[in-house]
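Asker: Sequence:
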Amino acid sequence: MSTENEGTAVPPAPSAPPVPVETPAASAQTAAPEGGAPTAPIPAVPPSAPGAPEQAPAHAGQSAYASAGAGQGADPYGQGAGAPGSAAEAGWPPPPPATPSYADGGGSGADAWGSSYHQQPAPKPKNGRGGLVAAILVAALVAGGVGGGIGYSLAKNDDNSTDSTTVSAPSSSGSVKRASGTVANVAAKALPSTVTIEAQSTSGEGGTGTGFVFDTQGHILTNNHVVADAVDGGKLTATFPNGKKYNAEVVGHAQGYDVAVIKLKNAPSDLKPLALGDSDKVAVGDSTIAIGAPFGLSNTVTTGIISAKNRPVASSDGSSSSKASYMSALQTDASINPGNSGGPLLDEQGAVIGINSAIQSTSSGGLGGTSQSGSIGLGFAIPINQAKNVAQQLIKTGKPVYPVIGASVSLEEGTGGAKITEQGASGSDAVTSGGPADKAGLKPGDVITKLDDQVIDSGPTLIGEIWTHQPNDTVKLTYTRDGKTHTVDVTLGQREGDS
Numbered sequence: 001m002s003t004e005n006e007g008t009a010v011p012p013a014p015s016a017p018p019v020p021v022e023t024p025a026a027s028a029q030t031a032a033p034e035g036g037a038p039t040a041p042i043p044a045v046p047p048s049a050p051g052a053p054e055q056a057p058a059h060a061g062q063s064a065y066a067s068a069g070a071g072q073g074a075d076p077y078g079q080g081a082g083a084p085g086s087a088a089e090a091g092w093p094p095p096p097p098a099t100p101s102y103a104d105g106g107g108s109g110a111d112a113w114g115s116s117y118h119q120q121p122a123p124k125p126k127n128g129r130g131g132l133v134a135a136i137l138v139a140a141l142v143a144g145g146v147g148g149g150i151g152y153s154l155a156k157n158d159d160n161s162t163d164s165t166t167v168s169a170p171s172s173s174g175s176v177k178r179a180s181g182t183v184a185n186v187a188a189k190a191l192p193s194t195v196t197i198e199a200q201s202t203s204g205e206g207g208t209g210t211g212f213v214f215d216t217q218g219h220i221l222t223n224n225h226v227v228a229d230a231v232d233g234g235k236l237t238a239t240f241p242n243g244k245k246y247n248a249e250v251v252g253h254a255q256g257y258d259v260a261v262i263k264l265k266n267a268p269s270d271l272k273p274l275a276l277g278d279s280d281k282v283a284v285g286d287s288t289i290a291i292g293a294p295f296g297l298s299n300t301v302t303t304g305i306i307s308a309k310n311r312p313v314a315s316s317d318g319s320s321s322s323k324a325s326y327m328s329a330l331q332t333d334a335s336i337n338p339g340n341s342g343g344p345l346l347d348e349q350g351a352v353i354g355i356n357s358a359i360q361s362t363s364s365g366g367l368g369g370t371s372q373s374g375s376i377g378l379g380f381a382i383p384i385n386q387a388k389n390v391a392q393q394l395i396k397t398g399k400p401v402y403p404v405i406g407a408s409v410s411l412e413e414g415t416g417g418a419k420i421t422e423q424g425a426s427g428s429d430a431v432t433s434g435g436p437a438d439k440a441g442l443k444p445g446d447v448i449t450k451l452d453d454q455v456i457d458s459g460p461t462l463i464g465e466i467w468t469h470q471p472n473d474t475v476k477l478t479y480t481r482d483g484k485t486h487t488v489d490v491t492l493g494q495r496e497g498d499s
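In terms of the working numbering, the sequence shown is residues 1 to 499.
Careful: at least some of the hints might be erroneous.
[To be verified] Listed next, the in silico DMTMM-like pairs over lysine to aspartate or glutamate satisfying Cα-Cα at most 20 Å (straight line):
| id | residue 1 | residue 2 |
| --- | --- | --- |
| 1 | 399 | 215 |
| 2 | 396 | 215 |
| 3 | 476 | 280 |
Calculated from the structure, these hints are not laboratory results.
Sequences and hints are given; from them, build the entire structure.
Answerer: Set out below in structure tokens:
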């Protein structure tokens with residue numbers, strides 16, 4: 001999705017967006033771009049994790065607890081309070097979801113997301129199936145060449161005949177002009193401000209993703225999983241469509257949001273930032289245009305529509321050490337594959353409405369079963385309104401800030417909402433003393449079913465919805481206790497940094 005986190009199974013996400021508002025999707029497992037594309041498919045989401053497709057396998061009997069900082073430690077919902085799942089020994093973060101994967105094939109050197117920098121050379125064809133395929137391909141090419149030659153010869157002879165009815169279009173002395181709002185016009189304006197990012201770790205592992213110009217100072221907005229390999233002393237470069245390549249450095253990254261900002265070294269003075277739209281005003285059915293480097297094919301443009309909004313998505317790279325990212329995503333059917341991660345999702349006017357991050361795929365794909373499969377029309381993008389706020393915070397302080405309620409919730413399915421656990425991580429309190437939830441009177445065992453007008457069907461869905469807000473925002477939580485429904489206003493607290 002997106003851009004995509006692949007490899008780890010995250011509990012299935014509801015096939016239909018929560019009522020009345022629909023939300024995100026996560027990266028579906030996608031084949032890693034041969035060029036090292038970092039678009040990672042969405043990993044399996046925990047049973048209750050948003051973003052996990054209904055058909056996606058869930059981890060049996062496994063449950064995790066999220067606090068305001070889900071995916072970064074014991075308590076994604078706040079103040080370090082993590083929550084155990086149905087299994088007492090289960091801890092945070094929950095196992096990677098069997099849902100969407102990062103759309104770029106993944107970072108962190110995970111070959112599942114894309115080709116690593118140390119790909120083995122393709123073996124020479126032997127006298128087997130591989131040789132046969134190659135022979136057929138060559139034969140087809142030869143046949144095509146012959147047919148083309150014959151066709152050209154016949155056409156030429158016809159042109160010389162007196163009874164030819166062929167009509168040639170009048171030649172134009174100037175260049176063809178595309179009307180404003182057409183895909184060609186939008187692409188022509190956006191491509192010069194889109195870059196292909198190559199991230200390499202100190203050990204030489206890495207992949208390829210996408211990013212776009214955020215401001216004139218040289219800041220580029222992309223996904224955290226795209227640049228993860230280069231965070232600790234690795235190498236990072238950004239290449240523009242005109243072929244100019246710049247070294248870059250990571251300014252800040254937020255694993256939970258899956259957002260990162262990098263800055264070009266010796267940035268040119270003529271950078272043109274892409275205009276940012278308003279993702280809150282996007283409607284299902286609106287046209288979309290995605291730009292990225294699917295499977296390493298830089299500067300690729302695809303189109304589609306917004307197929308759903310507010311899709312709860314939990315995505316990861318699928319590795320054993322991976323922590324999930326949560327979003328209330330824009331879902332699109334524009335073709336997104338490994339390598340598209342971090343690229344812009346544009347509206348028909350060319351304004352950025354999201355960052356392609358994860359995709360949902362049907363299998364691991366590939367003849368050998370080791371590569372990600374491609375787009376099946378389920379891509380997920382981080383809404384630009386949220387990504388913009390995160391980016392500005394990263395540029396300002398280098399660290400992300402997460403809104404929290406100060407309570408640990410279970411990520412298991414079948415709870416009918418986000419259930420506050422009886423105990424937090426490592427025996428801590430599930431509801432932080434003096435925290436937002438405590439002040440609002442929430443207690444262990446309460447099941448949160450709504451945040452404002454958004455239906456909450458699981459812990460991961462609650463995390464994604466909370467993270468669309470800012471610290472100190474006041475939200476209305478609807479919850480059930482002892483069979484009775486209650487509503488309370490909660491002023492969100494905050495936690496700084498990924499843990």
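Asker: None of the hints should be skipped; say for each whether it holds.
Answerer: Now for the hints, and whether the structure bears them out:
1. Pair hint residue 399 plus residue 215 holds up; C-alpha atoms about 19 Å apart against a cutoff of 20 Å.
2. About 13 Å separates the Cα atoms of residue 396 and residue 215, which keeps this hinted pair within 20 Å; it holds.
3. For the hint linking residue 476 to residue 280, the alpha-carbon distance of about 19 Å falls within 20 Å, and the restraint holds.
When the structure is compared with the earlier hints, no violation turns up for any of them.
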